[in-house]
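Trainee: Those protein sequences? They're chains A and B, same order as listed.
Heads up: the first sequence runs through residues 829 to 1354, numbered per my numbering.
Heads up: the second sequence runs through residues 582 to 1090, numbered per my numbering.
What the hints contain is simulated information worked out from the structure, not anything from laboratory work.
Computed from a predicted model, the values in this text were never measured in an experiment.
Any given hint could turn out to be false.
[Unchecked claim] With a cut-off of at most 25 Å between alpha-carbon atoms, the simulated BS3-like pairs for lysine-lysine come out as follows:
#: 1; chain 1: B; residue 1: LYS584; chain 2: A; residue 2: LYS1274
#: 2; chain 1: B; residue 1: LYS690; chain 2: A; residue 2: LYS963
#: 3; chain 1: B; residue 1: LYS722; chain 2: A; residue 2: LYS968
#: 4; chain 1: A; residue 1: LYS1132; chain 2: A; residue 2: LYS1122
#: 5; chain 1: B; residue 1: LYS584; chain 2: A; residue 2: LYS970
#: 6; chain 1: A; residue 1: LYS968; chain 2: A; residue 2: LYS1274
#: 7; chain 1: A; residue 1: LYS970; chain 2: A; residue 2: LYS1274
#: 8; chain 1: B; residue 1: LYS584; chain 2: A; residue 2: LYS1279
#: 9; chain 1: A; residue 1: LYS1227; chain 2: B; residue 2: LYS584
#: 10; chain 1: A; residue 1: LYS970; chain 2: B; residue 2: LYS722
#: 11; chain 1: A; residue 1: LYS1289; chain 2: B; residue 2: LYS584
#: 12; chain 1: B; residue 1: LYS690; chain 2: B; residue 2: LYS612
#: 13; chain 1: A; residue 1: LYS968; chain 2: B; residue 2: LYS584
#: 14; chain 1: A; residue 1: LYS1274; chain 2: A; residue 2: LYS954
#: 15; chain 1: A; residue 1: LYS963; chain 2: B; residue 2: LYS717
#: 16; chain 1: B; residue 1: LYS717; chain 2: A; residue 2: LYS1274
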Amino acid sequence: MAALRMATGSDNWFSALALGVTLLKCLLIPTYHSTDFEVHRNWLAITHSLPVSQWYYEATSEWTLDYPPFFAWFEYVLSHVAKYLDREMLNVHNLNYSSSRTLLFQRFSVIFTDALFVYAVHECCKCIEWKRASKELTEKPKFILSVLLLWNFGLLIVDHIHFQYNGFLFGLMLLSIARLFQKRHLEGAFLFAVLLHFKHIYLYVAPAYGIYLLRSYCFTANKPDGSIRWSSFSFVRVISLGLIVILVSALSLGPFLALNQLPQVFSRLFPFKRGLCHAYWAPNFWALYNALDKMLSITGLHLKLLDPNKIPKASMTSGLVQQFQHTVLPSVTPLATLICTLIAILPSIFCLWFKPQGPRGFLRCLILCALSSFMFGWHVHEKAILLAILPMSLLSVGKAGDASIFLILTTTGHYSLFPLLFTAPELPIKILLMLLFTIYSMTALKTLFRKEKPLLNRMEKFYLLGLGPLEICCEFIFPFSSWKMKYPFVPLLLTSVYCAVGITYAWFKLYVSVLTDLPVFKTKKP
Amino acid sequence: MEKWYLMTIVVLIGLTVRWTVSLNSYSGAGKPPMFGDYEAQRHWQEITFNLPVKQWYFNSSDNDLQYWGLDYPPLTAYHSLLCSYAAEFINPDWIALHTSRGYESQAHKLFMRATVFIADLLIYIPAVILYCCCLKETSTKGKIANALCILLYPGLILIDYGHFQNIYNSVSLGFALWGVLGVSYDWDLLGSLAFCLAINYKQMELYHSLPFFCFLLGKCFKKGIKGKGFLLLIKLACTVVASFILCWLPFLAEREQTLQVLRRLFPVDRGLFEDKVANIWCSVNVFVKIKDILPRHIQLIISFCFTFLSLLPACIKLILQPSPKGFKFTLVTCALSFFLFSFQVHEKSILLVSLPVCLVLNEIPFISTWFLLVSTFSMLPLLLKDELLMPSLVTMMAFFIASATSFSTFEKISEEELQLKSFSISVRKYLPCFTFLPRIIQNLFLTSVIAMVLLTLMTVTLDPPQKLPDLFSLLVCFVSCMHFLFFWVYFNIIIMWNSRNARNQKKLN
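This is chain B alone, in the form it adopts within the complex (with noise of 0.2 Å):
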């Protein structure tokens, strides 16, 4: 391995985007009384220091919960903890019990940059490397390239460094993708141990639940349910319990805690969707104000629904059929799934699909530079409201210029290239003249791009009509959700045609 060393460069370059990007503002700068997501995080490390254990997540006149209560599962709340110990070693005013509320200076906004910085350090950014060095036949040019596109995505950087999001969205998918790495390199409980602290870490990462569980229950049906199998469902199960009564031991010696934490993550009378996301619900509310007409336990059930009806296919495939290229596949699909149908949707949850479309960036680049790109896009009203516009366009275009010119992006559109050959094939059985789907995704991508910038200048110079001031945000949620709708679509085809493909190359052979 003669290039390590441009690994390490690859390292430093995505280390100084990041940094660069966090001397920009952060959410809620300067915006009393409520602030932003920033000072959330701030409030957490107070309250984790200053209050025992027992008084996290209840109210009290100590910690009122309606001002950036603590909603996010026990590892996060320990992080907070060891992140306030660091604050008080530096500067007790910081993290002081009720004084400290909106605490702003630039000492302090360069203490918390420096925490996400460092967690990005320890967990997400050596998982990537492991990732893309174990990568399967790909030559060593093209795990260094693999690992700076990765390392460059836009999203992950300005939700985490620029808008700072009251969770550190880094540690979260860091360890979601230790798992994946375990798992798919055969180091289950490894893997599921690791995927259970993402999940303990937050809640969302449930996104991608259902992909492990489906993989892991296939893979012991392959090595037969009666013999080894079961010892593997057995160890698993172990694994799994136990790593969660570890991260929730404080809590569960008593029912109340336990029911108290469950509440705070899962908040159910929310509301469909808040604020504007890039998903199914919002943009249909758009002509029928579903949030007004049906009761909530009604969307709540719908919204169930639909989400289980659209994930179900990919893994029931995935059970029968355990590969960890069907598994990322699956990944994919499912968070989408969930992202577009499920209740009380964040647009930064975009983030927790984008996650398994890096992993499948080498496979087709296309299409994933395509969904990074119009992910990073869907999150344009939120950045833009924190003065993010300059970094967004910046890494945005960075983005695309190291996909573009390593992967050579746009010379694989063919439909081998787009993993569309069994697909088509299988319709040019009924539709011989079927051959112009390269042609026609091609067309849409570059009327996705013009769409993109169109609506990026429009939002930024225009200002919105009186009567609706939110006009543009709700055009780029819309848009976005239609490209998301189509990359489901996508990815679903992908999904259901990949074995015969795989069992068509082994007859080729």
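So here's chain A without its partners, still in its complex pose (with noise of 0.2 Å):
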């Protein structure tokens, strides 16, 4: 009874959230899943029954495992559990099976690693430190900031019901990200170093953590203006970060360097190969510049400036077609993107360099960097959005600014991860679950900083209003008109452009407040 009373008591409302959340992810197990099952088995076949050195060359399925080995390794050790439940799903040539045991292994798999999660959730809440504490539990920044984590829409439908394993890859980012926090430096960058060997997309926001380590870890001093003191420069710091660095790729990569495959396993990790936008325009920097391109194209055919026969067919009866040909702005090449995403990169690093503002400033030059690519790279994924939500989550509930382009971002960041869900059962999931979350986020973050100016201007409310609107026409509206037929791309080229005019202009108000909100330092002490 004792014991009882210990594991539910009041004050335990951390493990109340995250068993909560944990028993909604059951819940969600039925509910449909999208060829990334398929994918994530694939590769549990192919990892269990095939040797190392045939991993990244097996091709019986279209979905070949492009991870990092560090993935494929831990596929590996699922496999091994999974041996025990159902064996057929480990076999290579088993296309597309999906057995009961199958799915519940799978989905229980994500589950179970979300604990990694869970536990970075809770180191984060204890590292960052709050000025004014309310009494009551729910005004709490610690409650608030656990429930923006943990119950975070993006990842419960891209987790648990479009089906990828995001929980504990954001989980070791998260965690490295409070070691930062803690001063554990080399234990974070160690995370770091493990989680890009996991998942290589986290590269975007490698620079983030190059720089600071590099310029408030191993420069141990600044001189009184805040500038870099070069004398300070400590080589055991830098020769320990990059053992670290260095064990841990080789521990990665070091057998298919021997086996003397790492040529093919880039290519694998970075298909070039693949369009500028995927199938669904994620809604960035690129979504805009197509549809402008069509609006382009569009009023030229009208007003006859245009030559029709010239046109590419392709561009103008569909949006889903995976090579986009531009039609009247010049096209992009994958080195533009490349360029661009340096470019827009560019001033946040330079910002950590020689303004350093501690974890908070490493925080928001990550957050950048995040963005910044999800603006302008190559075949960017609109799951990708979550890269920047997640750590946005840790600013939010510091300063009411940050918690107004929270708002922005998350919101219209989450509402465009809605074509990912498009069957019938899952649309009121969707919806009550991005209710849910909006709500509570907007609330609770309102109520945190009650004492401050409205945290949304007029306009921007009525931004994020009309994603209601948008809505119901895209998914209640439209498939019933006769536009359904004719142009069945509208409803996805609405809402990419739509989110994607949200998070541009999240992100150029972030990039303004980073560059503006220089911090007071100790120039004015006499």
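Using the hints, put the two chains back together into the complex; each one sits in its own frame.
Mentor: Here it is as structure tokens:
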């Protein structure tokens, strides 16, 4: 009885929150799952039944292994549990196999590995300090932050409905951020290096890590005006950092280097043959660019400035082709996107180097890196927005300005995930969960910062409220209208363009706040 | 009320859980020729849409009463008719006469689930929210926590959204809750109207009718039966009669019609109990085969006597001292008496007891939580048959966590908080060492939880011995029945000692 009292006492809100969301995840097991389910099943089969040398060559299924080696090893470990449940799922030739045991095993593997995420959230809550703590539990920043992270709408639908293993990966990332906040730099660097070898999408935020560790860890002191003191450079620290990164990379890539397979591994990891945009345009700069191109070509046709015969057919009939051909504006090459991304990242990196503001500044830079690469990257998935949303949650409970950016970013970012779930039974779930998260984040942050000016101005409120009618148009009215046959891509196009506006705005606002909000350094002191 | 948004969140959580449970299987999915309750509901839509009102309850070539004939009151039939119009709009195949029998498809399942969802959203959930907001002497936080727990009660969710009962419990219970609300806050006419609607939706609501009757009668007596009280009595009688006539209007024209409906509603020839149900008769039947020994009319008389005697004390008490609090507790004991002793009880009828228990959740969280868990557990065989094991476990745990954290249930186990203070004091007059009651109850709780977990594990993993194929489901019923008897005694004690407690407090003040 005493144990029960301990476990369920009113102080133990964190375990209640975590358990609650875990139970919700269990309820989501019978929902629709995307082809990613088959992808991961196939990887289980590949890693289980083939020798390591074959892993990155196997191509029976179209879903070849295209994550870094640690993830393959992770699947390998999982497969050794899976073999006790259903051996059939471990057969490479058993394409699209999904028995109920396979389903349960895969779903539960996601739920169990999320334990790392829960732990990371717990650590994050500990390491962020608060000035004024309210007595009311539901108004404590810690409580709000853990709800925002644990019950994150995007993570729920991407991992537990759509099916992916983002939970524990983001757990690693948050944990490494928490370690940096706790001044345990080497541990943080180690965790991030491991993370990179689990999923290479985190390369987007690697610049922030690199610069921050170099600037704030390798240089042990600053001049009084905050600029760098070159003499304080610590070789020991650089070498230990380097050793960590090299050791982790050796552990991961070493076997493939020995097998002389590195080029093959890299060609799988970075498939530049895919198009500029994913099937559904992620709401980024290129979505706006494409939409502008389409508008220009339509007006051009109307005004007879363009010759209809010269226009590539595909671009006019559908927005769903992978290779989008621009008609008016110049086409975009991978190199161009890379340059754009670099240019977009640079100012934030400079800021991190010249005006270091401790871990908080690092976090801002990390978010800007994630957002900038989301904005300008090549073949970006809409899911990548989570890379910015989750760390942004950490910032949002700290300052009113960040909270308002967070609200715009999450609401539009989450809405842009809606097309991932297009089946009818999941429609109520996504709307309910989205409302749940959005209403909570809006009101909780509003009460947290009630003494300051309103978080959203009139225009922003209007924009966010516009998502409601947009949803009604796209999912309730459009399917019954006559346009459905003629322009099937219109809902997706509208969604991605509408969300792109919001995300661009949030990115811009965050950038402005980072560049203008310079720290009041010790210069004022005599 | 700054925390209104939390109430919205709570409702959204409740709705999300409901919809995710509804993605699971339903009763009789893909099991011809009779299918299950899901098919019954669809069949009623077919009947009510295609046949004139006069033929709904009669056997004919178009309406085979052996195949899920309509056996619920008119309001259910009207609701089916309403749903059938929506079905006709979406896909007429769903309700085509004869040809649609056993129709199953993903889209149709979605439609049926949506009808439950909408009915729930319109009737049950607003009643719960209003009830929680009207709670006296409770902080805003307490109200919200209470709403969360009531909305997460697993039994109702699993039966309505998983099993798909052939009648929407959320509607009948929702109307009953509106009735409770009305009567408790002195909107007597509206309350009795809502309750009449509940009875006319599902005759099982009669389990709740006696407390309503006694409470209202008690109120009339309190106001003076010769003056204002009489006026109120007349008004109430008019309301009840009028609402009944309104519901039964199409069937009142001919005597034969009315009688046929009544015959369909109360099928006395179906036996003392069906399947396995956690009441006295089924449990006794394990040892003595009363079903075979006694003739049917004697069974009927015995069960009537037992039911009547078991609910008499609480009802008399309520007439003499009508109070909203006593009313809620009487609702619990009466429904429980009916469930334990009456004729032809279904295992799902335990929901009728659970609703009033939900209403006393904030007063005695420990016992109520325990009861609500046991009530869900008692339906385990049914839920297993429908392949609802996973959602049952998950929702039960969710409910447990919600109630444990929001009420700190396991800290509220003193005599005071179990409302047993006055009872213990009066026992102590004769037995001075009677101080161990809370400890006993705690130990009982632990034993019961362990027993439930073990039984669930056994049912799921072990195969029953060949001679006794129903061993586990009988065990589940027996164990639950023992629990219900204990709860019945407990709630009766509370009712009987309630007013003294109140008087004592007044004295203290």
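Trainee: Of all the hints given earlier, name the ones this structure violates by number, lowest first.
Mentor: 2, 16
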